[in-house]
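Each chain, letter by letter, is given below.
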Amino acid sequence: MKSSALNLALALSGIGLAALGARGSREGFSFQPNPLGVKGSSYGAVLAMAMQAPIDTYWHGGSEDHSHCDHDHGVCTHDHDHDHDHDEEEADHDHEGEGGHHHEEEEEKILVASPASWNGRLTNYLESLESAVNARTNPRAVSDAHKFYTRRKTEDKLRFAYELDPTHYGNYNSYQFFLNEPAVGTRGALTREAADLAVRTINYCLKIDNDPRPALTAASAAENLLLIMFQDPAKYPMSEMQRIGESLDIAMVRHDRIFAEWQRDGRLENLSEMRRQEIAERRLFTDRIRRDCKATLLRLESQPAAPRQPQQQSAAN
Amino acid sequence: MRLFHLTFATIFRRKAWILCLLAVAALPFALPLLSTADENPVLVQPARAQAAWGALWVVALIWGIFTAARQGESNARSGVGEYFLTTGVSPTRQLLEIWLAQLCYIVPLALIAGIVCIAGASPSQADEKSMWLVTNFQYLVVFLLVVSPLYLLGAALASRFGGIAAFALTLGLAYYGLDGVGRLENMLKLEENPMLQSLWLVSPHYHLADLTPRLEFKLGVIPWDRFGQLFLYFSGIALVLAALSRAAFRIKTSA
Numbered sequence: 002m003k004s005s006a007l008n009l010a011l012a013l014s015g016i017g018l019a020a021l022g023a024r025g026s027r028e029g030f031s032f033q034p035n036p037l038g039v040k041g042s043s044y045g046a047v048l049a050m051a052m053q054a055p056i057d058t059y060w061h062g063g064s065e066d067h068s069h070c071d072h073d074h075g076v077c078t079h080d081h082d083h084d085h086d087h088d089e090e091e092a093d094h095d096h097e098g099e100g101g102h103h104h105e106e107e108e109e110k111i112l113v114a115s116p117a118s119w120n121g122r123l124t125n126y127l128e129s130l131e132s133a134v135n136a137r138t139n140p141r142a143v144s145d146a147h148k149f150y151t152r153r154k155t156e157d158k159l160r161f162a163y164e165l166d167p168t169h170y171g172n173y174n175s176y177q178f179f180l181n182e183p184a185v186g187t188r189g190a191l192t193r194e195a196a197d198l199a200v201r202t203i204n205y206c207l208k209i210d211n212d213p214r215p216a217l218t219a220a221s222a223a224e225n226l227l228l229i230m231f232q233d234p235a236k237y238p239m240s241e242m243q244r245i246g247e248s249l250d251i252a253m254v255r256h257d258r259i260f261a262e263w264q265r266d267g268r269l270e271n272l273s274e275m276r277r278q279e280i281a282e283r284r285l286f287t288d289r290i291r292r293d294c295k296a297t298l299l300r301l302e303s304q305p306a307a308p309r310q311p312q313q314q315s316a317a318n
Numbered sequence: 043m044r045l046f047h048l049t050f051a052t053i054f055r056r057k058a059w060i061l062c063l064l065a066v067a068a069l070p071f072a073l074p075l076l077s078t079a080d081e082n083p084v085l086v087q088p089a090r091a092q093a094a095w096g097a098l099w100v101v102a103l104i105w106g107i108f109t110a111a112r113q114g115e116s117n118a119r120s121g122v123g124e125y126f127l128t129t130g131v132s133p134t135r136q137l138l139e140i141w142l143a144q145l146c147y148i149v150p151l152a153l154i155a156g157i158v159c160i161a162g163a164s165p166s167q168a169d170e171k172s173m174w175l176v177t178n179f180q181y182l183v184v185f186l187l188v189v190s191p192l193y194l195l196g197a198a199l200a201s202r203f204g205g206i207a208a209f210a211l212t213l214g215l216a217y218y219g220l221d222g223v224g225r226l227e228n229m230l231k232l233e234e235n236p237m238l239q240s241l242w243l244v245s246p247h248y249h250l251a252d253l254t255p256r257l258e259f260k261l262g263v264i265p266w267d268r269f270g271q272l273f274l275y276f277s278g279i280a281l282v283l284a285a286l287s288r289a290a291f292r293i294k295t296s297a
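Quick mapping for you: the protein sequence lines, in order, are chains H and P. With this note's numbering applied, the first sequence covers 2 to 318. With this note's numbering applied, the second sequence covers 43 to 297.
There may be inaccurate statements among the hints.
For lysine to any residue, the following SDA-like pairs were computed, each having C-alpha atoms within a straight-line distance of at most 25 Å [unchecked claim]: (1) K208/H <-> E247/H; (2) K236/H <-> E302/H; (3) K171/P <-> S144/H; (4) K231/P <-> S132/H.
Which bits of chain P does chain H cover? Going by a derived footprint, with three or more residues having C-beta under 8 Å, they are [claimed, not checked]: (5) 168-174; (6) 237-244; (7) 248-261; (8) 264-271.
Here are some, though not all, of the chain H residues that point toward chain P, as calculated from beta-carbon distances under 8 Å [to be verified]: (9) N120; (10) T124; (11) L127; (12) L130; (13) E131; (14) A133; (15) R137; (16) R141; (17) Y150.
These are computed hints drawn from the structure, not numbers from a lab. Since the structure is predicted, the reported quantities are computational estimates derived from the model, not experimental observations. Yeah, the Cβ is synthetic: ideal placement off N, Cα and C, and Gly gets one too.
Produce the complete structure using the sequences and hints provided.
Written out as C-alpha cells, the structure reads:
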C-alpha cells in the first residue's frame, strides 16, 4: 500500500513537472526532422547529389533511353539534362534562354575502354543489361493520372534533395521550377511558397562565406524572385524589387571574390574538372539573366508609377 | 532429408515467419494510405505495387538472411552437424538441406507478393494487364535468383564466423549490390579511377533485379532474349556464391 502510494506520488509529480516545463514551449515541441543532422551538412550535400539519379528516374517515368550509346566507338553519353523536350509531358520545359528556371545540365560521358578489351566487353555487357531492365516496351502511352503520380513523386524528391543541401544550384532551381510552374508541379499555383523558397535560399546561401557556389545559388534565387515579381509588377513596391536586385549584385560579387580567392590559394584544384566547368557555365548563365533583370528593373523604374492596389504586397512577407 | 525437416520445423516453431507473412500481405494495402496516393484513388496502384515488392525485399533480406545465418551457426555449434555427418550426410548436403528449408518460406512469400501485386494493382486495360502478369513473373524469377544464393552464403559464413558476422557480411553484400554499386557508378562518372572501375565491373549488380520501377512506371515486359541474359548473369553470380559457400561451410566450430 505504501509502495503503491509512493509510486502514484512519483508518477503524478513527474507529470506535473513535465507539464510545467512544457507550458509556453509550444515552439520547442515543433519537429523539423533532421536525423543525425544530415540536412544542411556536408553529408547532406553528397546525398543531395546522389538524389539526382532517383529524381531523374522519376522525371523520365522510369525509362532510360540508351539509344544514344555508341558502344562501337566506346562512348556512352548519359544526358541528365532536364531541358529535354518530352512529347509525352504537358509542359515544355526546355527553358534555355528563359530566365530563372535553369535546370541541372549534366552531360556525363562514360568513356568505355576499347570494346575489344576485357574491361570494354564487360562494361558493354553490364550497360546492355541495364538498358534491358530500364527500357520501355509498353506501347501504350502514359496516362494522365500516371503522369501526375510521377510528377508528384519527382516534386517530393526534389523537396527532399533541396532540404539536404539548400545551396545546391541544380536541386534548388529544379525545385523552384516545380513551385513556379503549375503545369509541372502538382500542387497548383504556389506563388507565395515559390517566393518564400527563393527568400529562404538567398538568406541561407549568403551566410556561407567559404565557398563560391552557394553565392551563385543565392544569385539564381534572387533572379527567380525578381521574375516572380516581374510577372505582376503592380503588386510589388519598386523598393522591394530594387532591394532584391541589390541582393543579386551582392551575391555575384561575393561569388567572384571567393572564386578568385580559391584560384589564388589553390583550393579550386580540389574540385574535379567537371565541377569547375559546371561553375563556369552556371556563372555565365546567371550573369546573362542578371543583365536582363537589370534591364527590366531600369525599364520599370522609368515607367510612370501605375495606380497601386490598395494593399501593397511584399514577396518576402 | 531429416536435416531439412528439422530446419523447417525449427523456423516454423519460431513463428517470426508470421510477421513476415503479414508484412507482405497487409502492408501493400496499408502503406499507400500513408502516401499521397490517398488523395487520388488512381495513384494507389503504383504505390501498392511498390509496397508489395518493397516489403518482400526487406523481409527477404533482413529476416531471411538472419534466419539462414542463425541456422548455419546452430548447425555447427550445437553438434547437429557432427551428428548428421556420422549418419552419412555430407557437409554439402547439410548446407543444401538447410538452404532448401529456408526457401520453403521465401518462395511462398515471393508468390504472395506477386499475387498481391497482380490482384491489387493490375492496370485496367487488357493488354497492360497481360504485360503486368508477365513482368511480375519475370520479377519473381530474378528476385529468387538473387536472394537464394545469399541464404547459402549466410548459412555458410555463420557456420565459420558466427551468426552476427555472417548476417552483417551477407546483408552488406546485398545492400552493396542493390545500392552501393549505383553510387560507385555515379562517382566514376565524376572522376575516373581504374581501380574503382575494375571493382564496379566485378561487383554483383543486384540492382538490375529490382524491377519495381518497371511496375511503378508500367514500362512493360523485358524482351525475352534480354531477360535470358539477365538470367544467365545472376545464375553466374549464384554459382560463384555457391562455390564460396561450399568452401566456407563447416559442420563444427573450432572453439
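Hint check results:
no.: 1; hint: K208/H <-> E247/H; result: 16 Å, holds
no.: 2; hint: K236/H <-> E302/H; result: 14 Å, holds
no.: 3; hint: K171/P <-> S144/H; result: 15 Å, holds
no.: 4; hint: K231/P <-> S132/H; result: 17 Å, holds
no.: 5; hint: 168-174; result: holds (count 3)
no.: 6; hint: 237-244; result: holds (count 3)
no.: 7; hint: 248-261; result: holds (count 8)
no.: 8; hint: 264-271; result: holds (count 5)
no.: 9; hint: N120; result: 6 Å, holds
no.: 10; hint: T124; result: 6 Å, holds
no.: 11; hint: L127; result: 6 Å, holds
no.: 12; hint: L130; result: 5 Å, holds
no.: 13; hint: E131; result: 6 Å, holds
no.: 14; hint: A133; result: 3 Å, holds
no.: 15; hint: R137; result: 5 Å, holds
no.: 16; hint: R141; result: 6 Å, holds
no.: 17; hint: Y150; result: 5 Å, holds
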